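Given next are the chains, with one letter for each unit.
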Amino acid sequence: MWEAIRHFGDTYLMWREGPLIWGSDVLILLTIIGIVFALTYLKKWKWLWREWLTTVDHKKIGIMYLVCALLMFFRGGVDALLIRTQLAEPNNHFLDAEHYDQIFTTHGTIMILFMAMPFIFALFNIAVPLQIGARDVAFPYLNAISFWLFFFAAFLFNISFVFGGSPDAGWTSYPPLTELGFDKGPGENYYLVSLLISGIGTLGTGINFIATILKMRAPGMTMMKVPLFSWAVLASSIVILTAFPALNVALALLLFDRLFGAHFFTIAQGGNPMMFINLFWVWGHPEVYIVVLVAFGVYSEVVATFSRKEIFGYKSMVASLMAITVIGDLTWVHHFFTMGAGPDVNSFFAVSTMAVGIPTGVKMFNWLFTMYRGRIRLTLPMLWTLAFIVCFAIAGATGVMLAAAPADYQYHNSYFLVAHFHQALIGGVVFGMLAGMYYWWPKMFGFQLDERIGRWAFWLFNIGFYVCFMPQYALGFMGMQRRMYTYPADLGWGTLNFISTIGAYIMGLGFLFIVVQVLYSIKYGKRDVTGDIWDARTLEWSLPSPVPHYNFAVIPHVTDRDMWATLKEQGRTGELRPAASDIRPIHMPNNSARPFLLGVCFFFAGLGFVFEWYVLAALALLGVAVCLLARSFELHDEHDLSADEIRRTEALSGRL
Amino acid sequence: MSIMTLERPRAHEDAEAKTIEYSQPSESLKIFGFWLFLATDMLLFACLFATYVLLHTHTAGGPTARTLFDVPGFEAETFILLTSSFTGGIATYEMQHQRSKSVAVWLFITILLGLAFIGLEVQEFIHDVHIGATMSTSAFLSAFFTLVGTHGCHVSLGIVWMAAILIQVLRWGITPQTARKVFNVGLYWHFLDVVWVFIFTVVYLTGMVM
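Those protein sequences? They're chains C and A, same order as listed.
Each residue of the first sequence is one higher than the last, beginning at 1 in the working numbering.
Each residue of the second sequence is one higher than the last, beginning at 1001 in the working numbering.
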């Protein structure tokens, strides 16, 4: 018995690996105890189950995505600080090499798939149905499934560090390094399985929001009257639809190699590792657009609102979104010009990469022209947008440098590249997500986040960003390669690396200020009593904050692009207030425990595949089948919300 | 006023009478969603086809397509699956005329044909494994088993799904909800048939000719 426990502890819990593991164990244990204690003490278990775990309300699902994204931002950020601490000085052994590999792998994977993706889905869910005048997304039940698949995939990925070991071959997970022969153990399986599970959920979200935006718009809202954020979500969802199948195939094939002895990407038996790299980037490059297009949508809303002007060049904004959607699918080879595909192929992809900069440039100028002669208010969302414009311009410039195929042989996989893509993804996506969070926060929770603390966070994060990443461009030119564990002193990289590490810590401090800001504002933040705290332009601001769960008591009839702004200008806002006689009962989708249970089943199936415990995997997949069949045989999944109840709710918010 | 009534009625849709599966906005929305799913599934197969085309000559000294493929076997599979697509089509047609018994009969025949197809495919795979042609023999065989096997898994899932809908049609008759389900599973079945036509051409026919 004792022997068995010790064996389990050594093999799966890795108790011999030292203080980093013990520290993580203790932290996880304390967090779990804290959550369980708080829920029990406050008697919130039932509330948690009824209001959140079984909900199909897009607004609540959006909030859950947001909470997860911020937690994962923290986890990825801690990884980043560990990496930067390790690299702060030459010949450093703060981490051992194996842990260093695991940490840069989880940093990249978490930041892209478990931070950026849920963050954009949070904004999808919170804003889109309200912007287009809908009562929910097209498929609320599927929406809940997507969330829980993401949640449990992220959970599976995160426990890897203390349960069997994390993946350690980089977030791109290239074979043949990731084949069984070179990388034994469950780490890579964790990567493949958890990304597959969240990938299925992501496809569901893509389908859901295309159907929502194309089919659920309020009467009168033609496509050319759809707010630009919703257009951006449509563009992003289309890219999800075209790109994610390729990722799922790449992951599944590599998993077959590792679990069932197939030879897709091995060197032996005729496999071809470059096929993985192509499939991976057929998804991987469009993935950049999946996240950044949504950020572009946020900037369009923010710039128009805080310049008190209609967006400049609406139609060219839509056209450039669609152009990026198409061209973005045709640039993937620029991630591996060094494959040696030949001058013709490399030229095509170099040109397409530069071409995608053109519609992006159009958008940049349209934002600037919207601000031109506008009455600009420097609120937090606007500050992050302005910071984005500077940061993304530099990212674009260095991107064009990397796009020149011959020059790329010099930059490839150097710190120049690392600095470039952090500039694009932090400056483009993270700034946009934070702008969106600040912008819609009052709509979600009914209060504003404190501006003063937010400005501290903004300046610390921004200054920290440049201190961290500008030296890395130089380090790249000096020959420092990405994913290096440590470096000798005589190469002269020490000073710049040390500066970069200081920058990373300043960014970490900035994040802490955001945490403080949220906590402070829960108690002292300015309450939103009008529902239109920013004096904004689109339909969601015509509703009270937070929005009642049925969204619109009466569906509005849309006649203008910036409907709410037009009505305010003409003094006709009363038209969007429901008249008591117009209110009819509404069919609302029922809550369901099944999406949550499906997530649990997928989690155990995933665990089964990671450790090749096939009995567990088979049982869990059986659970999946039972959940799906139970759904199929469900006759009624809606209930009526009576007109009286809606009238009461509307009267409470003073709208009736 | 359901959350689904928001779909704007289009002029041409009002003009012509809708068939039952499209008669309710919430159900027609689900058909639209299912088309989007089929698009993702098509791309999934596209990636598997690309992988197969890249690797189909990488036999690593193991069996080649020509020595492995059994012409009568894959021809029988093809005829059975194409016929099942036809019977599935009749089920959809009968559904639109609200004849629930007839729908059940045609779905049942389609399921039987699907089972026959799967039976033959399993037999083919078992035979291959017996002569030493497994997934780990060569890159060609990894790609072959994965592509054809993924299609087979889709058909198997389709059979289970169709059986569930068959029971629902018998229990509840043809309602807008069950009609939509019959329609969607029909779309799925035809889609798998189209994929098989490509497998027949790209894998089996090309394998025998090259």
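These are calculated hints, taken from the structure and not from any lab test.
These numbers come from a predicted model, not from an experiment.
Treat the hints with caution; some may be incorrect.
[Unchecked claim] To be clear about the criterion: a stretch of chain A counts as covered by chain C if any three or more of its residues have a C-beta under 8 Å from a C-beta of chain C, and this derived list gives those stretches: (1) 1020 to 1032; (2) 1039 to 1047; (3) 1054 to 1060.
[Stated by the list, open to error] Here are a few chain C residues that sit away from chain A, every Cβ distance over 12 Å (derived from the structure): (4) Arg-84; (5) Gly-165; (6) Asp-257; (7) Glu-638.
Ideal Cβ positions, reconstructed from N, Cα and C, are used throughout, including at glycine.
Going through the hints against the structure:
no., hint, verdict
1, 1020 to 1032, "holds (count 3)"
2, 1039 to 1047, "holds (count 7)"
3, 1054 to 1060, "holds (count 5)"
4, Arg-84, "holds, 37 Å"
5, Gly-165, "holds, 25 Å"
6, Asp-257, "violated, 8 Å"
7, Glu-638, "violated, 7 Å"
The structure shown violates the earlier hints numbered 6, 7.
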